[in-house]
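Asker: Working from the sequences, and respecting the hints, build out all of it.
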Amino acid sequence: NAGVTQTPKFRVLKTGQSMTLLCAQDMNHEYMYWYRQDPGMGLRLIHYSVGEGTTAKGEVPDGYNVSRLKKQNFLLGLESAAPSQTSVYFCASSYSGGRSNQPQHFGDGTRLSIL
Amino acid sequence: QQPVQSPQAVILREGEDAVINCSSSKALYSVHWYRQKHGEAPVFLMILLKGGEQKGHDKISASFNEKKQQSSLYLTASQLSYSGTYFCGTEGRPKNQGGKLIFGQGTELSVKP
Chain A
22 NAGVTQTPKF RVLKTGQSMT LLCAQDMNHE YMYWYRQDPG MGLRLIHYSV
72 GEGTTAKGEV PDGYNVSRLK KQNFLLGLES AAPSQTSVYF CASSYSGGRS
122 NQPQHFGDGT RLSIL
Chain B
108 QQPVQSPQAV ILREGEDAVI NCSSSKALYS VHWYRQKHGE APVFLMILLK
158 GGEQKGHDKI SASFNEKKQQ SSLYLTASQL SYSGTYFCGT EGRPKNQGGK
208 LIFGQGTELS VKP
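Residue numbers (the numbering used here), protein chains in the order written: chain A, 22 to 136; chain B, 108 to 220.
Derived from the structure by calculation, the hints contain no laboratory data. Keep in mind that the hints are not guaranteed to be accurate.
Claimed, not checked - Straight-line C-alpha distance at most 27 Å; calculated DSSO-like pairs for lysine-lysine: (1) A:78 / A:30; (2) A:78 / B:133; (3) B:219 / B:162; (4) B:207 / A:30; (5) A:92 / B:174; (6) B:157 / A:91; (7) B:144 / A:30; (8) A:78 / B:207; (9) B:133 / B:174; (10) B:202 / B:174; (11) B:202 / A:91; (12) A:92 / A:35; (13) B:207 / B:144; (14) A:92 / B:207; (15) B:157 / B:202; (16) B:202 / B:133; (17) B:202 / A:78.
Answerer: Encoded structure:
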């Protein structure tokens, strides 16, 4: 049982380049999230999805796009990378059932450096 | 708005106790607690939903004061394995679709032998 898998684990980009980060979950979760983590800032929500074909903006969406074409996958795109996007990116997923909140399950992260 | 955690960092000796606080300026529906070890993913500890609720997980417990919009995490008789950064994640009222959380800046806990 893999849980939440992120690819790649590390990447170095030059300013202006584009790339896509892939998140895949095998838990049949409806909700998926992309966060960035910077020192002293905690986890900040970039975009999230409540189901296949849906996406919504989080706290810090500028400079990023996302797509959820399949329930199990959530893609994060950087169209024109900037040094300010150097960060560790985490994907998470959670079950949506019932009124009770469900824990978020995190992937191992992608360490992205923009030069 | 990001919840505020205190303290920002704490150093303990094995067996000592610690309290980490999480305070929000907004009305809360729920509070989540996660622990993250260096270079690893955050790991879920517990969720508190109701005001006054308390939960326990081994020797780690938490409380949620809905009226004060605060939650506290209690670590009792700390072990070396408790070292890491602790985050609270809050969901404001009314409950939002998608269960999205706003995380605090984290509290770094170091347990020394």
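Asker: All hints are to be evaluated individually against the structure, with a verdict given for each.
Answerer: Hint check:
1. Note on residue 78 of chain A and residue 30 of chain A: the hinted pairing holds, with a Cα-Cα distance of about 24 Å set against a maximum of 27 Å.
2. A hinted pair counts as satisfied when its Cα atoms are at most 27 Å apart, and residue 78 of chain A with residue 133 of chain B qualifies at roughly 20 Å.
3. Note on residue 219 of chain B and residue 162 of chain B: the hinted pairing holds, with a Cα-Cα distance of about 26 Å set against a maximum of 27 Å.
4. Proximity of residue 207 of chain B to residue 30 of chain A is assessed by CA-CA distance (about 24 Å); at most 27 Å being required, the pair is judged to hold.
5. Our distance criterion of 27 Å between C-alpha atoms is broken by residue 92 of chain A and residue 174 of chain B, whose separation comes to about 38 Å.
6. As the CA atoms of residue 157 of chain B and residue 91 of chain A are separated by approximately 34 Å, the hinted pair breaks the 27 Å bound.
7. Annotation: proposed proximity of residue 144 of chain B to residue 30 of chain A holds, straight-line Cα distance about 17 Å (limit 27 Å).
8. A hinted pair counts as satisfied when its Cα atoms are at most 27 Å apart, and residue 78 of chain A with residue 207 of chain B qualifies at roughly 11 Å.
9. The suggested pairing of residue 133 of chain B with residue 174 of chain B holds, with an alpha-carbon distance near 10 Å, which does not exceed 27 Å.
10. Our distance criterion of 27 Å between C-alpha atoms is met by residue 202 of chain B and residue 174 of chain B, whose separation comes to about 16 Å.
11. Simply put, residue 202 of chain B and residue 91 of chain A have alpha-carbon atoms about 26 Å apart, close enough for the 27 Å limit, and the pair holds.
12. Between residue 92 of chain A and residue 35 of chain A, the direct Cα distance comes to roughly 31 Å. Violation of the 27 Å bound is thereby established for this hinted pair.
13. Among the hinted pairs, residue 207 of chain B with residue 144 of chain B is consistent with the structure: their alpha-carbon atoms are about 22 Å apart, no more than 27 Å.
14. A distance of roughly 17 Å separates the Cα atoms of residue 92 of chain A and residue 207 of chain B; the hinted pair therefore holds under the 27 Å criterion.
15. For the proposed pair residue 157 of chain B and residue 202 of chain B, the alpha carbon gap of about 13 Å is at most 27 Å, so the pair holds.
16. Note on residue 202 of chain B and residue 133 of chain B: the hinted pairing holds, with a Cα-Cα distance of about 12 Å set against a maximum of 27 Å.
17. Among the hinted pairs, residue 202 of chain B with residue 78 of chain A is consistent with the structure: their alpha-carbon atoms are about 17 Å apart, no more than 27 Å.
Violated hints, in rising order: 5, 6 and 12; the structure is consistent with all others.
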